Every structure is written in structure tokens, then in C-alpha cells.
Amino acid sequence: MIPSILRSVVALAVTCGCLTMWADDAVVYQAAASADEAVARIEQLGGSVRYLSRTRDALEVDFQFAGEKLTDEHLQYLHALENVAVLRLKRTGVTDAGLAHVAKVTTLRRLYLEHTAVTDAGIKQLGAIKELECLNLGATQVTDDGLDAVRRLGQLQRLYLGETSVTTEAIEQLQKDHPRLSVVPDPALERRKAEASLRVAEANISRTEQALAVAKQEKEELEPQREKLKKDYEAAKKLADDARGKADAARKQRDESKRLADETRRQAEEAKKRADEKPDDQDLEKMSAEQSRKADETRRQSEEAKLAYDKLKAEFDQLQRQAESARQMSDRAERANARLQTAEEARDAAIESAAYARQRLALFD
Amino acid sequence: MVDAEFKLKRRDLLRLSSAGLLSGATVPWFERIANAGIKRPRGKSCILLWMDGGPSQQHTFDPKPSGEFKATSTSVPGIQIVEQLPQLAQCMEDIAIVRSMSTEIVGHYDAKYFLHTGFKRITAFEHPSLGSIASSQIGLPDDDMPAFVTIDAGFDKGNGGRLYRNVPAYLGPQHAPLAVPDPSEGLENLLPNGQRLDARLKMLSRSEARFAQEFALPAVGAKQAAFERAVRLMQSQRSKAFDLEEESVATREAYGDHRFGRSCLLARRLVEAGVSFVEIFHRGWDDHEGAAKRIAARAPWMDAGMAALIRDLKQRGMLEDTLVVWMGEFGRSPGDGNGHFPKAWSMAFAGGGLKTGQVIGKTSEGGKNEGGEVVERLVTAPDFAATLCLAMGIDIHQELMAPGMRPMPLVDKNAKPITELLG
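In order, the protein sequences belong to chains A and B. Our numbering applies: residue 1 is where the first sequence begins, and numbers increase by one. Our numbering applies: residue 366 is where the second sequence begins, and numbers increase by one.
With the rest of the complex left out, here is chain A (with noise of 0.2 angstroms):
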């Protein structure tokens, strides 16, 4: 009895082992009655499917993630599902042969066969796909023989042939015949891309190259001049600070006067009224002259003061002038060493730019 359970047990943990080993090597295809099951066993396979966006019909069939698992038998599943729009197949099992059941999905817009083992004569089966808009040959074998094919396409609208041995004039031939049809990458035009890149960012090292030849003269001109230049700066301060002081003395003397000559002139206005009032008062008309007399000595005077205030500010102005000029003398030179450090970066920054850009350039050699 113990020997025939044991028997059972083997047998049956032999069974899950190889049911184990059978679901990680391959799935065998086995055809679906209906659209569920076939999404079924896509999902099985590990790949997926789903709409393409929320308001329209159209399915996208993913089986990127099922590597060698999909082979082309798997493939009839398309045709048991609907409005098959977007099918990807990048590093499967795909061939030439299972092209055969992806030409009859004629719903078909945007095909991807990248990393698969696809040839020319797989390739040319699908000139039946009429409404193809994209299709992407990256990493395949196509030559510019395959492109044939491609040619009969009216609605093809972009052609990936990254990695490829198609030649830069197959390409461009038939980028002639199909000005609508955008083949990616186009060799011709990502060199000249590369080189327009190239010569913005050699124009750039020139640029900073002679920013940087300036920084370095300043540098050496007033460098050795730092301590000259601050202590004259301090200097021509001090002497605009003094000429502040005169000046501001000079108009607080100018204001003074100017009130005392109002006062005066006041008061000689109301001693010549009160004279003229009285004509024959003898004292008022003496007080009337002498009152004058005083208004005018003021009036000069405040006048002097004005004079001599705007002289000093005139001065004053100069002076602080000078000063600001010092100043930013001063400045330059002490901060000569930053600028010259900010124009080697700018320059350094500019050479590994172009350096991405060679590198890129080179490619095309």
C-alpha cells in the first residue's frame, strides 16, 4: 500500500514538476473559440491586451514582455479579436512565417518588430496591411531590398530602420518618393543636426575663450594694484566725505542768511510803510533808511552764502564722482580673481559641450 501511495505521489509531483517546467519554457498554442479566451492565453503567454485609449474601440496587442515564449503560431490569436489597431512584438519569437497571420490583421495601424528575427521576405507580406501608418524595423535584418514592401504602403507615415544595414541612399530615395513618410533616424539629417550642434558650441568656446583672455589681463593688470586701489578709494572717500561736511555747513549758512535777509526785508517793507503813513515824522523815515540800509547788507550777504554753496557742493560732487569711480576701480580689482574663476568655468563648461558634441558628430564617420 505505502509503495503505491508513494508511486501516486511521485508520479503526481512528477506531473507538477513538469507542468512547472512546461509554463516557464513554452505555451503551446492552442486555438481560441472567442475573444476572451484569446486575451486569455495572450495573458498566459505574458503578454497583454488593452484599449488603446477610454472613448475608442481599438485594441493594442502587447506581447514585449513574452519574449521567446510567443512563437508564430501564437500569433492566430489576433484573429479572434477585434479592431486589432497596435501590435508589438519587439524581442519575440516572431518570423517571417508568423508575418503571415499578422498581414491578415488588416485593421492593423502601427506594428512593432524590433529585435526580432524578421527578414526581407517576411517583410514584404506586409504590403497587405493598407492602412499601416507606423512600423518599426529597428534591429532587424531588412536591407533596402525589404523597403520594397514598405514603397506600396500609401498611409505609412513613419519608418523605424534604427540599427539596420539599410543604406543612407536607400533612405533618402525613398524619402524622395514619399515626402509624407518621416524614416527614422534619417542619417543625412542627424549629421547635419550634429554639425549645426557642433559649431553652435565651438562658437561658444570662442566666445568664452576671449572673455576669459580679458578676465586674465584685468586680473594681471589690477591684481597687484588691490591694495593701491582700495586705500585710494579710501582716500578720495575721505576727502568727498570732508567736502560733504563743508558743503552741508555752507548750506545751513545759506539757509540762515537767506531767513535772516527775508526777516530784514520784512522789516524794512513795514518800517517804509509806517513812514510813508506819516510823511512828516522825521524818526520814522530815519528808522526807514536805516532798516533798508540793514536789508540790503543781509541780501548781499545771503547771496555770498548761495555763491559759496554751490561752489562747495560743485565741488562736492566732483569729489564724490572720483570716489565712485575709485570705488568700482577697487571692486574690479578685488574681484578679478572670482571673474577670471566664472570665465575658466564658462569656458570649461563651453569645451565639454562641444566634447558632446564630437562625440555625437563622430558617430557619422
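A few of these clues could be false.
[To be verified] Pairs of lysine to aspartate or glutamate residues, derived as EDC-like cross-links and limited to a Cα-Cα distance of at most 16 angstroms, are as follows:
#1 LYS435(B) <-> GLU43(A)
#2 LYS658(B) <-> GLU345(A)
#3 LYS404(B) <-> GLU43(A)
#4 LYS658(B) <-> ASP348(A)
#5 LYS404(B) <-> ASP57(A)
#6 LYS404(B) <-> GLU82(A)
#7 LYS219(A) <-> ASP331(A)
No lab work stands behind these hints: they were computed from the structure. Computed from a predicted structure; not experimentally measured.
Please build the complex by placing chain B on the supplied structure of chain A, with the hints as guidance.
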């Protein structure tokens, strides 16, 4: 195909949504959810290049005659960018520059929040970030790969305030991002250590199952699901996407010898492997002591990395299904770029099937404060969020339940997407 009579009441829908168990209640394919495995719409992937700190627009994508950086022509006649970005200049037909961003918020964290979520920060609750939204709306719930990944591209200056923390908020914890601390290290520091992982996992799952029985909360289930997903990732072949060594030397050189370039390359690989949203962040753009010197130093690697990414996506046929977004939380003052400047700044889109090769909006020209204000087609943060979501194929009007039983739309109701960009 079976069309089940399967109509939930709105309240129930929203409650289920908040448990992260389901989303997308108002789409045609939902009715067929009874139908086996046709999964939610693919939408498009997104690679967000987040320049943290606020990159100066006049030193990048909106040069001015009075500015410190001069302009160069690009591969699109009439469009100019700074001459320090020569390779990007040649990618212009695949790029759309928005020069009229205007977002009011001048403080770092609040501004980062605003641009990452499309909503102003409030005290009541947190809003989900755009990456988490993408994960919940486009990502597949039971996929080997995480739907949302962030990559740390390093810093050249530790400024700009603290980094924004991407939160899934009411979308559920399973939509938090997987964080890659260093693109060169890849998944290394996420791999388990020690032996007998299977046995340990079995033990863990038994105790987790008991816990889940007692505390049947959505958060518990979600957390377990996230853990299971992490384990699945470790065991999946697709995790090889995290390994940059698989790329040729030529490719790695083209992206540039800098952490930013390596992050871009990793992002491309992750999108290829099925990740829906990758955010690369680089710190240090908060240039309060003058932008010219600093951006001159950054330009080489930013130019090489971003141009290589756009070109690589294009040549692999991935660009039409992948959005690339370059931006920060605001711009910088016109002239020397010393201060924060949310009033008028630039961001750039590439790919994603958008109408590229154009400039959206304009800032002022001439005068004392050149570039100091937007003069054409102002774009706010909600407008940007709406545009990004629509470009990815997400329904922006969908409502989900935020804390306090309040229905929240994914994007502000008043947002005006940039229709000139969308197909």
C-alpha cells in the same frame, strides 16, 4: 463579448475608488470589465525632468536681448533658445516650449506642491501627485513593474528648500513611487539580503493573512499588495531594466557622464519595461547669487542628457507614446535670475504625440524689466496639470473620494488645458 448589466451607484463607485480597488467609472471599457483581461487603456508614459529650486527661464528657454545669455537659432525657424544648449536646439521640432507659466506662489514647498498636484496646498488633506495619478489611471494594478518610479539625479547645490514628497493621498498607498536613490546602483539596494527568501516570504504571508483577516481595511490590503508587487519585481526578468550596464558604451556616453544623463537613460529603460511615470529630480537650481555662472556649468550635462533622451526615444519609435516634461516650481527674476519669479516663467514638453515645434505664450519684450510679465496665453498650474493628464490619456473630470467624504476631481474644475498642444 458580454455586456453585463453592471451599474454601481455613484456613492459606491467613489467608495471603491478610495480603496484603490477600482478607478475609471465613466469610461466605455468599464462596462466590459466582466470581460476577461482586456485591461484599462494604455495611455502614454511620462518622464518628468524636475529641476528643483526654480530654473531661470532667461538662462534656458526664454533668452532676451538684455539678458546675460545670448540666443541661438534652432532646428525650427523662428524659435531660439540659449546658445549654451546646442544639442537641444537641434531637437526643437520635437519640443514645445511654454513661456507663459504664471503661478503666483513664491515659496519653494508650496510652489512644488502646486506644480506636482495642480492644487494649492491646504490643511484639510493632501492631494495626490501627478505621478500617483498616472499610476492609478494608466498603470496596471498587477504588473511586475511599478507604475511610478522616482530617480535622484543628485545636486550641485543643496538649496531650494526640502524636496517635494510624492504622495498618492486618497488614491491609495499602492500608488506611491518606487524611489531609486542612484541610477548607477539601480535595484541593488532594493534586492533582499539573506538566504531562503521563499521560506521567509511564506512565513510572512501567513502572519499577514491572519492580520488581514482581523483588520480587513483597504489600507492593509493595499500595503500587502505593494509588498507582494515588490517581491514580484525582484523575481521578474523585467527588473533588468534597472541595470544600466546592459546599454552599450556608446549609448551611455551619448547621455553624458553625469548622474542626470544616467537618470535619463534609466528612465528610458524603465518606460520601455512598462513603467508609466518616471520623475527624475535634480536639486540646486535655486540660484540666489546669480544664475549665469551656475547654469553655464549645468548646461553641458543638461543639454547632452535631455537631447540624448529625446533622440533615443524617437529613434526607438517610443517618442509618440512618451511625454517628456522639463520644469521647476517657478522661474527666476529677469536679468540676473537672483530671486524666485513665479509671475512669468518657462517649461518645456517633448514628444507624447503633442503638437511640438512651437512656442506657447510670450513674455514682455524690451523696456526696463524685460520678460517681467506674461503678455500672451497665460498658463496656470491647474492648466498645466490638465494638459499633462489629457496628454497621457487620463480623464481629468473623474472624481475620487478625498478624506471627509468629499468628491475631488483629479484636476481643478476651472483648469483650461493648452489645446494648442494637444492633438
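These are the hints, each one checked on the structure:
1. LYS435(B) <-> GLU43(A): Violated: LYS435(B) and GLU43(A) sit about 54 angstroms apart, past 16 angstroms.
2. LYS658(B) <-> GLU345(A): holds, 8 angstroms
3. LYS404(B) <-> GLU43(A): holds, 11 angstroms
4. LYS658(B) <-> ASP348(A): holds, 12 angstroms
5. LYS404(B) <-> ASP57(A): holds, 12 angstroms
6. LYS404(B) <-> GLU82(A): holds, 15 angstroms
7. LYS219(A) <-> ASP331(A): Given pair LYS219(A), ASP331(A) holds - Cα atoms ~12 angstroms apart, limit 16 angstroms.
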